[in-house]
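Q: Protein sequences appear in the order of chains B and R.
For the first sequence, UniProt numbering puts the final residue at 372, and the numbers step up evenly by one.
For the second sequence, UniProt numbering puts the final residue at 507, and the numbers step up evenly by one.
These aren't lab readings, by the way, just hints derived from the structure by calculation.
What you are looking at is a predicted structure, and each value in this text was computed from that prediction instead of being measured.
For glycine and all other residues, C-beta sits at the position ideal for the given N, C-alpha and C.
It is possible that some hints are incorrect.
Distance condition first, Cα-Cα at most 27 Å in a straight line; then the derived BS3-like pairs of lysine-lysine [claimed, not checked]: (1) B:K2 x R:K33; (2) B:K258 x B:K44; (3) B:K258 x B:K195; (4) R:K108 x R:K33; (5) B:K5 x R:K236; (6) R:K26 x R:K181; (7) R:K43 x R:K108; (8) B:K3 x R:K236; (9) R:K43 x R:K236.
Derived coverage of chain R by chain B (criterion: at least 3 residues anywhere in the stretch with Cβ under 8 Å from a Cβ of chain B; other residues may be distant) [to be verified]: (10) 251 to 261; (11) 336 to 342.
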Amino acid sequence: MKKTKPILILLICTLFVAGCTEQKILERISITTLLGYDLEEEDKVTTTLTVRQVSPDDKSSLETQSNTEETSNGTSIKVNLQTSKKIMAGQLRVLLFGKKLAQDSIEQTLHTTMMNSEISSSIYLAVADGTTKEIIEAQYENITDIGQHVFNLIDHNVEEQHSVSSTLHEVVRNNYSPFRDIAMPIIKKEGQIIKINGLAIFNKSKMVGELSSEDAFYVIMLRDKFKAGSVELSLPGNTLNHDRDQDDKLEVSIDSIKSKRSINLTNPSTPEFDVTVDFGCRLIELHSNENTGRPEVTKKLEKAIGDKMESEISRIIKYTQEKNSDIFGFGDDYYASVRNSGLTEAKWHQMYPNMKVNVKVNIEIFRNGVFE
Amino acid sequence: MFKNNKQKKEDKEKKEQQKNEEKPKKEPISPDKNQFLLTVKEKLHSPSDFIVRSVSDNMIVVYVDNLVDNKNLNEIILTQLQEVEETPEAIHQKLTIPEVDIVDELNKFIGDMLQGAAVVHIVGHEKVVVAKISAYQSRGLSAPENESQVIGSQVGFNENLSTNISLIRRYITNPNLCNEKFVLGKQTKTSLSLLYIHGIATEEYVNTVRQRISDLDIQDILDSAVLAELIDDNSKSIFPQMLLTERPDRFCDGLLSGKVGIVVNGSSMAILCPYAFIEFFQSREDQNLRWPIASFVRLLRFFAIFTSIFLTPIYVASLTYHYEVIPQPLLVPLSESRAIVPFPPIIEALLLELIIELLREAGAKLPTKVGQTIGIVGGIVIGTAAVQAGITSNILIIIVALGALSSFTTPNYMMGNVIRIVRFPIILLAGFWGYYGIMIAICLMLIHLLRLSSLGAPYMAPFYPPRFKQWPNSIIRLPITFIKRQTVNSRNEDSNESQQGEKKVAK
Numbered sequence: 001m002k003k004t005k006p007i008l009i010l011l012i013c014t015l016f017v018a019g020c021t022e023q024k025i026l027e028r029i030s031i032t033t034l035l036g037y038d039l040e041e042e043d044k045v046t047t048t049l050t051v052r053q054v055s056p057d058d059k060s061s062l063e064t065q066s067n068t069e070e071t072s073n074g075t076s077i078k079v080n081l082q083t084s085k086k087i088m089a090g091q092l093r094v095l096l097f098g099k100k101l102a103q104d105s106i107e108q109t110l111h112t113t114m115m116n117s118e119i120s121s122s123i124y125l126a127v128a129d130g131t132t133k134e135i136i137e138a139q140y141e142n143i144t145d146i147g148q149h150v151f152n153l154i155d156h157n158v159e160e161q162h163s164v165s166s167t168l169h170e171v172v173r174n175n176y177s178p179f180r181d182i183a184m185p186i187i188k189k190e191g192q193i194i195k196i197n198g199l200a201i202f203n204k205s206k207m208v209g210e211l212s213s214e215d216a217f218y219v220i221m222l223r224d225k226f227k228a229g230s231v232e233l234s235l236p237g238n239t240l241n242h243d244r245d246q247d248d249k250l251e252v253s254i255d256s257i258k259s260k261r262s263i264n265l266t267n268p269s270t271p272e273f274d275v276t277v278d279f280g281c282r283l284i285e286l287h288s289n290e291n292t293g294r295p296e297v298t299k300k301l302e303k304a305i306g307d308k309m310e311s312e313i314s315r316i317i318k319y320t321q322e323k324n325s326d327i328f329g330f331g332d333d334y335y336a337s338v339r340n341s342g343l344t345e346a347k348w349h350q351m352y353p354n355m356k357v358n359v360k361v362n363i364e365i366f367r368n369g370v371f372e
Numbered sequence: 001m002f003k004n005n006k007q008k009k010e011d012k013e014k015k016e017q018q019k020n021e022e023k024p025k026k027e028p029i030s031p032d033k034n035q036f037l038l039t040v041k042e043k044l045h046s047p048s049d050f051i052v053r054s055v056s057d058n059m060i061v062v063y064v065d066n067l068v069d070n071k072n073l074n075e076i077i078l079t080q081l082q083e084v085e086e087t088p089e090a091i092h093q094k095l096t097i098p099e100v101d102i103v104d105e106l107n108k109f110i111g112d113m114l115q116g117a118a119v120v121h122i123v124g125h126e127k128v129v130v131a132k133i134s135a136y137q138s139r140g141l142s143a144p145e146n147e148s149q150v151i152g153s154q155v156g157f158n159e160n161l162s163t164n165i166s167l168i169r170r171y172i173t174n175p176n177l178c179n180e181k182f183v184l185g186k187q188t189k190t191s192l193s194l195l196y197i198h199g200i201a202t203e204e205y206v207n208t209v210r211q212r213i214s215d216l217d218i219q220d221i222l223d224s225a226v227l228a229e230l231i232d233d234n235s236k237s238i239f240p241q242m243l244l245t246e247r248p249d250r251f252c253d254g255l256l257s258g259k260v261g262i263v264v265n266g267s268s269m270a271i272l273c274p275y276a277f278i279e280f281f282q283s284r285e286d287q288n289l290r291w292p293i294a295s296f297v298r299l300l301r302f303f304a305i306f307t308s309i310f311l312t313p314i315y316v317a318s319l320t321y322h323y324e325v326i327p328q329p330l331l332v333p334l335s336e337s338r339a340i341v342p343f344p345p346i347i348e349a350l351l352l353e354l355i356i357e358l359l360r361e362a363g364a365k366l367p368t369k370v371g372q373t374i375g376i377v378g379g380i381v382i383g384t385a386a387v388q389a390g391i392t393s394n395i396l397i398i399i400v401a402l403g404a405l406s407s408f409t410t411p412n413y414m415m416g417n418v419i420r421i422v423r424f425p426i427i428l429l430a431g432f433w434g435y436y437g438i439m440i441a442i443c444l445m446l447i448h449l450l451r452l453s454s455l456g457a458p459y460m461a462p463f464y465p466p467r468f469k470q471w472p473n474s475i476i477r478l479p480i481t482f483i484k485r486q487t488v489n490s491r492n493e494d495s496n497e498s499q500q501g502e503k504k505v506a507k
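With the hints as constraints, model all of the structure from the sequences given.
A: Listed below in structure tokens is the structure:
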């Protein structure tokens, strides 16, 4: 008898409290998969989104909705006025920023996105070349679900390390870190195709520059490890054969790249960094008739590839220094290596353009001439 | 705990007192023929199948028709009684029947007579000769229906106690196999046997079972399942704490690994205890298969329990509250199949689960041939019709069918039932509170399981209390040379060290 009372109370609570939970039954809500923010005049923001709705005729349909309001909540109220089912953002996969908005500041948008508990922190963020509205609202012949398409586009390129990973989690982490800046892919609509067209680099939360998508390779190399990357390089024509002209390009393609980078602060006052990248790869394409089985040929190739990469990396670092955007996180290394540095965000952004970096890339070609 | 023990003790004393009071007084046997017949008839309320047969002027044979073996009666008793001196002692010596007794007490020989004995009464003697020539009308040995196995023996217990015990003795030819007889039930006087192997079984468990059986004060026992419920640790729990098996090989395997067994007359199921939770999911057949195959099947079974219990609740919770967790490729098919369903997921799931339960119950109650038809009607007709009518979604039908299928892989029917029924409260909680509800259900279930015991031995052993050495063979089936003979909860403290760690096979 003693036990019956609490059980009864529990049962009654179950019944009453169950009424308080908010039900989100799958087919009775509209699901957003892609969201785009564009900046309009007077600080207003246009929100464009794709909405998947299920109708009782067994078919699900995609709609795009667009609205302009000052806060994102305001727009969501307005969008809800236009749809038959409540819009939920829990299945959001990609968040796009219009270029104008990115250049203005994405701080506010990041903040509201982070605050929304529904939204997963593993969604991808990207900058749209132009406005997001024209990408999302355009009609495509071969793309049925634009939300899923853009997500897959970014996802598989991140998996294969062709593009910098820019999940909400990583971006917010970089944004909140005082000595590190954001980089995220740029997406562009070209006719009927949507493609990744480079890398946007940020100073704090403002987009300040663009790198080409080929440069993204070197950015990943400095920021991260390669587990299985691949790249195509054009070396000077006289690398292997001295008779040939230097301007005649020698095309090389390598894959199965494994790389590891280490950053050492050598001189805190300038500051000066030593960046060493250990780089292993497999040669798959070489536009030359040289016998790559010979060790001296491989040596020459390794040296030429290393030189090429060093110069490319130096160029990219220089560009980021011009734009004052520390996407590699040198500031974090500085802060970690120098005791009592009293480094602040403002101080680091003063130091960054004057920073010196010595890049050393050690290439090793493990295999060549794999026949598949 | 203390209070409980005290109460139990008091109860026990009371019961003993009652027993003493109720014990019938010793009634003498009348030496006079007519008086004797009168008292016996009065005792039995003059039944129509009570037969009195005069052998000579002074000697009569009484018995209950159909309970005695007519061949023995005619060929041995009746012929030999013609030639014998008319004293009980002489008859006792002369009769060529295995079991002959001299009894001087009325109630005792009436009990024997009701079990199939012929009673010889001689005028002038206060004793009777009881010749036990009972004929059992029992079904022949057949394959067990509920616990079938592909490889291994195909014999099952039947309803006859002595046949069952002889089956067990054929498996274990060992003088240490102890057989203690009890009679239970005031009305039915059902006999039952407590079996264990001396030296392997833990004395503590044997004593517990013995005590619990002798403490029982009930009117009737018709099946061992009732007995199991009466003597287990927590009769109110949904989980069975003792195994009911109809396989002699499984029963003997249990005895050999140190468990205590009970066989009840009139029931084709024998009881094995103590049994741990995990052991309900181990089949005897696992021992007969090669170890990697048996391990795979065993793991499959564990997986099946989880799908069976949690798949439908997860469906309900995900679709009602947690649409965020649905993978993108599943999102469209799921929502499209749900589009025309008018109910919320919880109603939909409960409806379909109820249909499946109805089908199962109908199939179990009907004869095999009709049962199959029911399966087809239920599975195909109701399944497709329900989807086309838009009452349920395609995907839920798959999930519910999978859950039902999984629950049937449990080697024990009683445990399989539990797995099926325990789903309903979890579905309800999932419909009320989503994943939180499922978590609450898991917690409550775990707490309950951890509190359970079987003959005082922990039910969740070897996981809690952790006995790491027994984990491998509980989860997978190890090669036979690695198996310790004594299983979870059956460690015999009394037997010496070497025996305790004894392996099944010594190399």
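Q: Kindly indicate which numbered hints from before are broken by the structure, ordering the numbers from low to high.
A: 1, 2, 9 and 10
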